[in-house]
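So the sequence lines, in the order shown, correspond to chains A and B. The working numbering puts the first residue of the first sequence at 100, with every later residue one more than the last. The working numbering puts the first residue of the second sequence at 268, with every later residue one more than the last.
Just so you know, the hints here were simulated from the structure itself, not pulled from any lab data. Careful: at least some of the hints might be erroneous.
Cross-link-like lysine-lysine pairs, in silico, DSS-like; alpha carbons within 25 Å at most [stated by the list, open to error]:
(1) Lys173(A) to Lys183(A)
(2) Lys260(A) to Lys512(B)
(3) Lys555(B) to Lys595(B)
(4) Lys225(A) to Lys512(B)
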Amino acid sequence: MIKKSTLEAQRIIAIMIMLAVLATVAAFAGQVHVQIANAKLKKSPQWFAATVAEPALDDTLEVLKTTGDWYQVKADDTTGWIHKSAVTAKKAKKSRASSVGSSQTSADDITLAGKGFNELEAGYRKSGETVNLEAIDAMEARSVDEARLLSFLRKGALLPKSAKRGKK
Amino acid sequence: MIIHSILLLSMLAGQPSASARGFGDVLNKIGDIGKSVTKNKEASAPQDEDPEEAAAQKKDATLGKALKGLGVGGEAVDGIQKSLGFSRRTKKAAESTRDLDPSDERQIGRVVAAEILSKYSPQDDEGLNDYVQTVGQAVAMASDRPQTFSGYHFQVLDSQEVNALSIPGGFIFVTRGMLRLVESEDELACVLAHEVAHVALGHGSEAIVKARRLKAGLGIAADASKTYGSKASGRDLAALRGDVKAVMEILMRTGYGHGKEFEADAKGALYAQRTGYDPAAMAAVLRKLESSSASQGGFLKTHPAAGKRAGQLEEAALEPPAWYRASKTRDTRFASALAALGGSGE
Numbered sequence: 100m101i102k103k104s105t106l107e108a109q110r111i112i113a114i115m116i117m118l119a120v121l122a123t124v125a126a127f128a129g130q131v132h133v134q135i136a137n138a139k140l141k142k143s144p145q146w147f148a149a150t151v152a153e154p155a156l157d158d159t160l161e162v163l164k165t166t167g168d169w170y171q172v173k174a175d176d177t178t179g180w181i182h183k184s185a186v187t188a189k190k191a192k193k194s195r196a197s198s199v200g201s202s203q204t205s206a207d208d209i210t211l212a213g214k215g216f217n218e219l220e221a222g223y224r225k226s227g228e229t230v231n232l233e234a235i236d237a238m239e240a241r242s243v244d245e246a247r248l249l250s251f252l253r254k255g256a257l258l259p260k261s262a263k264r265g266k267k
Numbered sequence: 268m269i270i271h272s273i274l275l276l277s278m279l280a281g282q283p284s285a286s287a288r289g290f291g292d293v294l295n296k297i298g299d300i301g302k303s304v305t306k307n308k309e310a311s312a313p314q315d316e317d318p319e320e321a322a323a324q325k326k327d328a329t330l331g332k333a334l335k336g337l338g339v340g341g342e343a344v345d346g347i348q349k350s351l352g353f354s355r356r357t358k359k360a361a362e363s364t365r366d367l368d369p370s371d372e373r374q375i376g377r378v379v380a381a382e383i384l385s386k387y388s389p390q391d392d393e394g395l396n397d398y399v400q401t402v403g404q405a406v407a408m409a410s411d412r413p414q415t416f417s418g419y420h421f422q423v424l425d426s427q428e429v430n431a432l433s434i435p436g437g438f439i440f441v442t443r444g445m446l447r448l449v450e451s452e453d454e455l456a457c458v459l460a461h462e463v464a465h466v467a468l469g470h471g472s473e474a475i476v477k478a479r480r481l482k483a484g485l486g487i488a489a490d491a492s493k494t495y496g497s498k499a500s501g502r503d504l505a506a507l508r509g510d511v512k513a514v515m516e517i518l519m520r521t522g523y524g525h526g527k528e529f530e531a532d533a534k535g536a537l538y539a540q541r542t543g544y545d546p547a548a549m550a551a552v553l554r555k556l557e558s559s560s561a562s563q564g565g566f567l568k569t570h571p572a573a574g575k576r577a578g579q580l581e582e583a584a585l586e587p588p589a590w591y592r593a594s595k596t597r598d599t600r601f602a603s604a605l606a607a608l609g610g611s612g613e
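Same shape as in the complex, but just chain B (with noise of 0.2 Å):
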């Protein structure tokens, strides 16, 4: 009886948040996509492996066998490990995240943000910049985290690379490149909550706590929040240098890793659904990005292929919410923000 009030209390505390459950058939989907995003990672990304994740689904296949054994059977189980799944690895982000202060994350992720607009020019156009602000502010506000330190922040960048980056205390970045592959303005929510979806699942965060820990010479196991606190009380220009270069290593080179783009391919879909955009743009985006050229190169050269990220999307089948219709005014404002942008290359 007491492991039987023990595993309710667990399957309530891993409840999806009311407004997830209001997109209940999304976030089994989701869950879906999940599933087979580990398959990926086993087949095609084995440096994502995690021994962490591992051992937490072997965890959930531990679970769903104790809820066999007392009877809930079939479908349940399946919902209930999909959901499990999903918002585990949500919450092991989450904590990461908590592991680092949001002024530090937001410290952080500047100086990173500096680095970058050091080396791609900031696109001087107030509309535009405008314009990417307001659809990408909307759908962070529907976002997991829909504030960080200091507010989500939008830039585009003057180059012709196809690309979108985020880092650590919301600064996203979206080529010019990017904004001439997108058709509507639900293409680019979906590019923008894709970004979006990176830092509210603290991707970033995740790598500078865990570089902060192999620095500290800690081990994994160490505790990330007692490794933050000494360097803390001690905070000085090497330990900023430290947690820069850890995410800049990402941004340019290693990537966050198939499973975490994946995952925030899922997450980005769902956000814009919940901003009231059709969530099948961001597989409409992909199938496009698979027919660039563009896909090869840049920064995507460290993510899943594009038609496989689109493929798994489709697969899930997403439906925008059931007030959504095409609107004249989007259309509109879309057209007159990316006038600016040409038709021509550099």
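The shape of chain A in the complex, shown without the other chains (with noise of 0.2 Å):
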């Protein structure tokens, strides 16, 4: 009689500590929506790995796996890795694009990305703060490319062999 109440025991405590398994693997899986502007869906799970696509903004992804800061993620047919600060489990808040007196299409970010939040801007300046907002612009619009940004770190010997054998 003891002895099969403690085998009941047993076996509730496997099944709950199945379900704790279980319930922290499903909290890996699932999906993913993009974050910021131009995110790079990585060939490997590596800051200088090849990128293989840039999902857009909003974008929904189904994540395979995750290793260390990186999920791997599934876009329409293209499987690859992206860093765990460019995504967010929750949906985007509509707010962001009509708190800026935009519509909320991701298209609508995406210009507001590269123009900035002028309307509201604009008014701050006219409110008398002193802002250099040409300024923030050119700084804004400065940017290295991939390929130019990998070839700089090739040619100052910064790269481990593996990566320049890494090509797209």
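Reconstruct the complex from the two isolated chains, following the hints.
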């Protein structure tokens, strides 16, 4: 009798552990949403890996697995790795676009990413604040594309040999 | 058994990333830095006291005891505690960043950066700006947050003040004065990596969220996402002004706090190392700052003493990556890009 109840207790504990493990795995699976304007899907979970796709802001990606700070995701027919900081589990709030007087499409968000939230900034300057918006536009336009960045690193002997072999 | 499993799951969740594991030695050394940073905070920076962090440290100690109770002891416990202590701070900062939508973070950052650019003239040298952008973008790519909403952007300021500063959203400034202090690309990379670390760890964004909480009168226990949600639907100029003020207050008056500066030094050195640079260059720059009269004024007046910061890093004896080697190309392009600065002051 005592033996039977002990077995029952062990079974319950085993089920609880299984449920806990399943809950953890489930947390890694599912979908994530792109929360930055120029997200990159990499060939492998390394910052210097080649880019295989560039999902748009608010795109939904299916998570296949996770390694460190990277998710392996599927976007349309492409599979690649995206850094966790580029995505969110929460769907974008409608207020993101509406807060700046725009419609709520991701295309508009991308436009805003390129041009700045000009309505709000213009109002800010109009209200008497001293801001050099032209200089910040010039600063934000400055960027180095991936090919040039990797070439810079390679020429400066900064990449490991494995990265040198890695081609698109 | 259940407790053991839960602890095991917690440990897995707290494991450093795969890329960080590759730099296990560095992380352990940085863990040591984190430990002494806490001591330093108690001794020299009481203004940094954070009840949430104190509670987290207490929790770490409790976890250590629990692990010892399960027969996991000695160095293993020390290693786990170091790792947890470090990752907890990073996680907390990352959570604060998540409380702020990246597009909002960029919006606030743009306006703050535009204010800085109204006080300091941008250096009008596209070659130099492009070089700084390239080095900065490289270390940012190897950071804990490779991309912000619209990416990292770097700008040289036409000022003889020895300084560098970062703004939420990824806007990073470095002065001519600072560029004249650094003597190699590795040192420049470390200066920029320190600033990238502030952005990646969400130090400025955390301050915005805290200011919003205070403003909303919800107290420290309030849910920041909720605060943001209600603000986002009715965002207006007054809200933007409040957020900008919170960041400007840090940049101009209070600073991020000594603990966060030490953390940015340690993480910055790690980012530089991941990029392929020598992380020891971080301590080298700090030593130069220490002997420079410039370390007393400007934005740097809010930072811990440069010598103390250098000492922390030197104690950790961070090493370059295995493939590291000196490069003539690196030296040449550094000298060429910075040649425009000339040798005399203003």
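Against the structure, the hints:
no.	hint	verdict
1	Lys173(A) to Lys183(A)	14 Å, holds
2	Lys260(A) to Lys512(B)	47 Å, violated
3	Lys555(B) to Lys595(B)	23 Å, holds
4	Lys225(A) to Lys512(B)	17 Å, holds
The earlier numbered hint that this structure contradicts is number 2, and it is the only one.
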